Every structure is written in C-alpha cells, then in structure tokens.
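Number of protein chains: 2
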Amino acid sequence: MTRRPVLEFWFDFASTYAYLSAMRIEPLAEAAGVDVRYRPFLLGPIFQAQGWNTSPFNLYPAKGRYMWRDVAREAERRGLPFRRPDPFPQNGLAATRVALSGADKPWCGAFVRAVFHAEFGEGRSIEEPSAVAGLAGSVGLDPDQTMKAASAEPNKMRLRAITEEARTKGVFGAPTFFAEDGEMFWGDDRLERALAWAAGEDA
Amino acid sequence: MTRRPVLEFWFDFASTYAYLSAMRIEPLAEAAGVDVRYRPFLLGPIFQAQGWNTSPFNLYPAKGRYMWRDVAREAERRGLPFRRPDPFPQNGLAATRVALSGADKPWCGAFVRAVFHAEFGEGRSIEEPSAVAGLAGSVGLDPDQTMKAASAEPNKMRLRAITEEARTKGVFGAPTFFAEDGEMFWGDDRLERALAWAAGEDA
Numbered sequence: 001m002t003r004r005p006v007l008e009f010w011f012d013f014a015s016t017y018a019y020l021s022a023m024r025i026e027p028l029a030e031a032a033g034v035d036v037r038y039r040p041f042l043l044g045p046i047f048q049a050q051g052w053n054t055s056p057f058n059l060y061p062a063k064g065r066y067m068w069r070d071v072a073r074e075a076e077r078r079g080l081p082f083r084r085p086d087p088f089p090q091n092g093l094a095a096t097r098v099a100l101s102g103a104d105k106p107w108c109g110a111f112v113r114a115v116f117h118a119e120f121g122e123g124r125s126i127e128e129p130s131a132v133a134g135l136a137g138s139v140g141l142d143p144d145q146t147m148k149a150a151s152a153e154p155n156k157m158r159l160r161a162i163t164e165e166a167r168t169k170g171v172f173g174a175p176t177f178f179a180e181d182g183e184m185f186w187g188d189d190r191l192e193r194a195l196a197w198a199a200g201e202d203a
Numbered sequence: 001m002t003r004r005p006v007l008e009f010w011f012d013f014a015s016t017y018a019y020l021s022a023m024r025i026e027p028l029a030e031a032a033g034v035d036v037r038y039r040p041f042l043l044g045p046i047f048q049a050q051g052w053n054t055s056p057f058n059l060y061p062a063k064g065r066y067m068w069r070d071v072a073r074e075a076e077r078r079g080l081p082f083r084r085p086d087p088f089p090q091n092g093l094a095a096t097r098v099a100l101s102g103a104d105k106p107w108c109g110a111f112v113r114a115v116f117h118a119e120f121g122e123g124r125s126i127e128e129p130s131a132v133a134g135l136a137g138s139v140g141l142d143p144d145q146t147m148k149a150a151s152a153e154p155n156k157m158r159l160r161a162i163t164e165e166a167r168t169k170g171v172f173g174a175p176t177f178f179a180e181d182g183e184m185f186w187g188d189d190r191l192e193r194a195l196a197w198a199a200g201e202d203a
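In the order they appear, the protein sequences are chains Z and G. Counting from 1, one number per residue, gives the positions in the first sequence under UniProt numbering. Counting from 1, one number per residue, gives the positions in the second sequence under UniProt numbering.
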C-alpha cells in the first residue's frame with residue numbers, strides 16, 4: 001500500500017470560516033483519498049504583528065457585517081446550525097492547547113468539531129477551561145487528564161512554536177491549507193482545490 | 001415576456017479578482033437567465049476612509065504574496081492569461097470614467113474586458129488616457145469622443161456619486177455583487193451563488 005497524501009488544515013478556533021471547513025473536511029478528504037493533518041494555532045500573535053488587536057471583522061465593520069451574513073447564508077445552504085457567540089472573537093487558548101495535544105491522535109477531529117459546534121453552531125462560550133473540559137468529555141476523553149496534558153509546559157511551548165511556524169510559512173488567516181509540496185490555499189472556498197492539489201489532480 | 005432579473009457587478013479596475021469575474025460573468029449570467037449591470041467605482045476612497053493608502057495586498061505582504069499565487073493558479077486553471085502590471089495597483093481613473101459613461105450601453109462589457117485583459121492578461125499599463133483611448137478604439141468606439149464624454153463634468157460627478165453609493169451600501173472590496181433585493185456577495189468565489197440568488201434559485 002502506498003501512503004496517502006496529506007493535507008494540513010491550519011485553523012484558529014475563533015475563525016468562522018474554519019468552522020465551515022472543519023465540519024466538512026473529513027468526508028471530503030476521504031473522498032479525495034487524502035489524510036487530514038490538524039494544525040491548530042493562534043491567529044492573535046499574527047494579527048498583532050500587523051497592528052491588529054482584535055479580529056479584522058471587528059476592526060473593519062463593513063467587512064464584519066458582510067462576513068456574518070455570508071457565513072450564515074453558507075451555513076444554511078449546507079444545513080449547518082449557526083449562531084454568533086458573544087463575545088466575538090472567543091479566546092480559544094484552552095481549546096487550542098487541547099487540540100494541539102491531540103493533533104496526531106484519532107480523537108482530534110471529533111474534538112475540533114465539538115468545539116466549533118459549541119461555539120458557532122450553538123453560540124456557546126468556549127473560553128473557560130471548564131467548558132473545554134466538558135467538550136473533551138463529550139467526545140470520550142478523560143476531562144482532567146486531557147486538561148492536564150494540554151496545559152503541561154511542553155504542549156504550551158509547542159503551541160508557541162506552531163504559531164511561529166504559521167507566521168514563517170506566510171499564514172495570515174484561517175482556514176489555511178498546505179499540501180505536502182508547500183502549496184498554500186486560504187479560505188473555506190479553496191478547500192476542494194486544496195484537496196485536489198494534495199491528491200495530485202492539479203499538480 | 002417577463003423582465004429578466006439583474007445582478008449588479010461592482011468593480012474597481014485595480015482588482016485582480018474582479019479581472020477573474022469580468023472575464024466570465026457574461027456567459028455565466030446568460031446561462032442563469034440574468035442580466036449584468038456594470039457598476040464601476042473607485043475603491044481608493046473607501047480604502048482611505050479605513051486608513052489604507054494603497055491596496056491591502058501591498059500593506060499586508062503575506063496576504064499579497066498569497067494573492068498573486070492564488071490568482072495566477074486560478075487564471076491558469078481557467079485558461080486565462082495572467083501577468084502582473086507594474087506598478088500595482090494601477091490608477092484606473094481614466095478607464096473607470098469611460099466604463100461608467102458606458103455603463104448602460106451595449107459596449108460596456110467589451111470595454112471592461114479589454115481593460116482587464118490589457119492590465120492583467122498582458123501586464124500593460126492602463127493608467128494613461130492615451131492607453132485608455134486605445135482600448136476604447138479596440139472595441140469599436142471613437143477614441144476622441146469617448147474620452148471627451150468620459151471626462152465631462154457630469155460623468156466625473158457621477159463617478160464620485162457611485163463611489164459614495166458603494167460605501168453607503170457597505171462595499172469594502174471588489175468584485176461585489178448585488179441582487180435586486182439588496183443581497184450582497186463579495187468575491188469572485190461567490191459569483192455563481194450571486195447569480196443563483198438573482199435568478200431566484202436560493203430565494
């Protein structure tokens with residue numbers, strides 16, 4: 001058996017368009033014969049480096065108004081629930097640490113979908129560690145062990161390193177997809193093409 | 001015969017993604033049974049109002065690098081030529097005035113495509129009035145009469161008014177599409193959905 005090609009899915013839990021991608025990437029990747037590699041990171045430091053202290057959707061109100069309408073419209077078209085969390089953006093640090101601690105584990109996709117569903121499907125807060133522990137429990141993880149592993153120093157350092165890696169690779173938003181040859185695709189609208197590229201159809 | 005639905009196509013000649021849309025909107029609209037209404041305007045004043053003195057693709061280098069790669073990749077996939085003009089963004093004032101003066105004329109689409117093709121298909125300058133006059137001539141217009149009508153005071157005022165209308169309607173980038181019920185779609189990636197909405201398929 002030859003190894004299946006891999007597509008990296010870089011995302012921040014505050015991203016509405018990453019929600020749209022997270023809820024469909026696994027079946028699409030399966031159909032394309034591609035494996036998904038979850039790459040959770042924090043957009044905050046990248047935004048701060050370009051002078052933004054919050055989401056560009058808050059800084060630029062016209063763009064923000066459109067984004068909420070566009071995501072609601074797309075979610076409806078796809079049969080996905082959508083509800084805006086308050087505040088936006090949510091601080092996803094605790095959830096991101098858990099996702100990163102499980103990035104190579106079979107449960108990662110289920111946890112990522114549980115977080116995004118709570119945040120944007122139900123408009124619930126994902127900020128408190130207790131909320132994140134509850135979501136970990138909801139996908140069959142041991143909440144205490146999971147939170148402990150997530151907040152262990154090596155995992156915190158790993159999150160700082162992956163966020164720096166995102167910046168170095170030219171990531172400026174989420175979702176961003178990388179094929180193994182380094183080809184980069186930005187945005188939920190490019191997910192199909194990223195998978196086709198990873199599968200070698202466009203190479 | 002019932003009147004066909006209309007989709008407004010708001011664009012700035014400096015927009016690479018508006019180039020992608022301009023080169024395909026008419027056959028797609030025809031297939032959808034929708035009429036295209038050309039709405040040329042200037043993004044510059046809208047960008048300036050949010051503190052940008054040039055294209056965001058220049059202000060945010062990581063985003064800019066990705067954009068050039070993405071547009072080149074999309075153009076290749078569609079069999080469209082693509083070449084980056086220097087400088088970018090081009091000053092499209094003269095071309096925009098001509099397009100606006102013909103916004104309700106049968107030649108508007110051909111002129112818009114001629115400008116975009118010169119600018120992004122061949123990487124030529126569209127800044128000088130002589131270049132714009134040449135492009136007008138290339139689609140069968142009288143260059144002198146066209147340039148004179150374009151720079152007449154009522155047409156200049158109309159350009160200021162439509163640019164202000166864009167801002168009022170919440171336009172923050174190009175291309176932007178509006179259906180007759182006011183539904184807004186931003187980006188070449190939303191062209192198909194904008195046409196479906198205008199045609200009543202998603203209403």
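Just so you know, the hints here were simulated from the structure itself, not pulled from any lab data. Some hints could be false.
Because identical chains share one entry, a pair is satisfied inside a single copy or across any pair of copies.
Using 20 Å as the maximum straight-line C-alpha spacing, the simulated EDC-like pairs for lysine to aspartate or glutamate come out as follows [unchecked claim]:
1. Lys-156 with Glu-128
2. Lys-156 with Glu-74
3. Lys-169 with Glu-8
4. Lys-105 with Glu-164
5. Lys-63 with Glu-8
6. Lys-148 with Asp-104
7. Lys-105 with Asp-70
8. Lys-156 with Glu-26
9. Lys-63 with Glu-183
10. Lys-169 with Asp-70
11. Lys-63 with Glu-164
12. Lys-63 with Asp-189
13. Lys-63 with Glu-165
14. Lys-148 with Glu-180
15. Lys-169 with Glu-183
16. Lys-148 with Glu-74
17. Lys-63 with Asp-86
18. Lys-105 with Asp-142
19. Lys-169 with Asp-86
20. Lys-105 with Glu-30
21. Lys-169 with Glu-180
22. Lys-169 with Asp-142
23. Lys-105 with Glu-128
Note that the coordinates shown come from a computational prediction; the quantities given were computed from them, not determined experimentally.
Okay, the hints, checked on the actual structure:
In this assembly of identical chains, the alpha carbons of Lys-156 and Glu-128 lie at most 20 Å apart only when taken from the same copy (17 Å versus 55 Å across copies). For the homomeric pair Lys-156 and Glu-74, neither the shortest alpha-carbon distance inside one copy (34 Å) nor that between copies (38 Å) is at most 20 Å. For the identical chains of this complex, Lys-169 and Glu-8 are intra-copy neighbours only, at 12 Å inside a copy versus 37 Å across copies, given an alpha-carbon limit of 20 Å. When the C-alpha separation of Lys-105 and Glu-164 is checked against a cutoff of 20 Å, the pair qualifies neither within a copy, at 22 Å, nor between copies, at 53 Å.
For a Cα distance limit of 20 Å, the shortest separation of Lys-63 from Glu-8 across copies, 19 Å, qualifies, whereas the shortest one inside one copy, 27 Å, does not. For the homomeric pair Lys-148 and Asp-104, the shortest alpha-carbon distance inside one copy (17 Å) is at most 20 Å, but the shortest distance between copies (66 Å) is not. Proximity of Lys-105 and Asp-70 under a CA criterion of 20 Å is satisfied in neither setting, with 33 Å inside one chain copy and 32 Å between copies. In this assembly of identical chains, the alpha carbons of Lys-156 and Glu-26 never lie at most 20 Å apart, being 27 Å within a copy and 52 Å across copies at closest.
Proximity of Lys-63 and Glu-183 under a CA criterion of 20 Å is satisfied inter-copy only: 14 Å between copies versus 27 Å inside one chain copy. For the homomeric pair Lys-169 and Asp-70, the shortest alpha-carbon distance between copies (15 Å) is at most 20 Å, but the shortest distance inside one copy (28 Å) is not. Proximity of Lys-63 and Glu-164 under a CA criterion of 20 Å is satisfied inter-copy only: 16 Å between copies versus 27 Å inside one chain copy. For the homomeric pair Lys-63 and Asp-189, the shortest alpha-carbon distances inside one copy (17 Å) and between copies (16 Å) are both at most 20 Å.
For the identical chains of this complex, Lys-63 and Glu-165 are inter-copy neighbours only, at 16 Å across copies versus 28 Å inside a copy, given an alpha-carbon limit of 20 Å. Taking the shortest alpha-carbon separations for Lys-148 and Glu-180, neither the intra-copy value of 32 Å nor the inter-copy value of 55 Å comes in at or below 20 Å. Proximity of Lys-169 and Glu-183 under a CA criterion of 20 Å is satisfied intra-copy only: 10 Å inside one chain copy versus 36 Å between copies. In this homomeric assembly, Lys-148 and Glu-74 never come within 20 Å of each other (Cα to Cα): the closest approach is 37 Å inside a single copy and 45 Å across copies.
In the homo-oligomer, the alpha carbons of Lys-63 and Asp-86 lie at most 20 Å apart inside one protomer (18 Å), although the nearest pairing across protomers, at 28 Å, exceeds that limit. Taking identical chains as interchangeable, the C-alpha atoms of Lys-105 and Asp-142 lie at most 20 Å apart only when both belong to the same chain, with a minimum of 14 Å there against 68 Å between chains. For the identical chains of this complex, Lys-169 and Asp-86 are neighbours neither inside a copy (31 Å) nor across copies (26 Å), given an alpha-carbon limit of 20 Å. Only within a single protomer do Lys-105 and Glu-30 lie at most 20 Å apart by alpha-carbon distance; the minimum there is 17 Å, versus 49 Å between protomers.
Proximity of Lys-169 to Glu-180 under the C-alpha cut-off of 20 Å is restricted to the intra-copy arrangement: shortest distance 13 Å within a copy versus 42 Å between copies. In this homomeric assembly, Lys-169 and Asp-142 never come within 20 Å of each other (Cα to Cα): the closest approach is 34 Å inside a single copy and 50 Å across copies. In this homomeric assembly, Lys-105 and Glu-128 never come within 20 Å of each other (Cα to Cα): the closest approach is 23 Å inside a single copy and 59 Å across copies.
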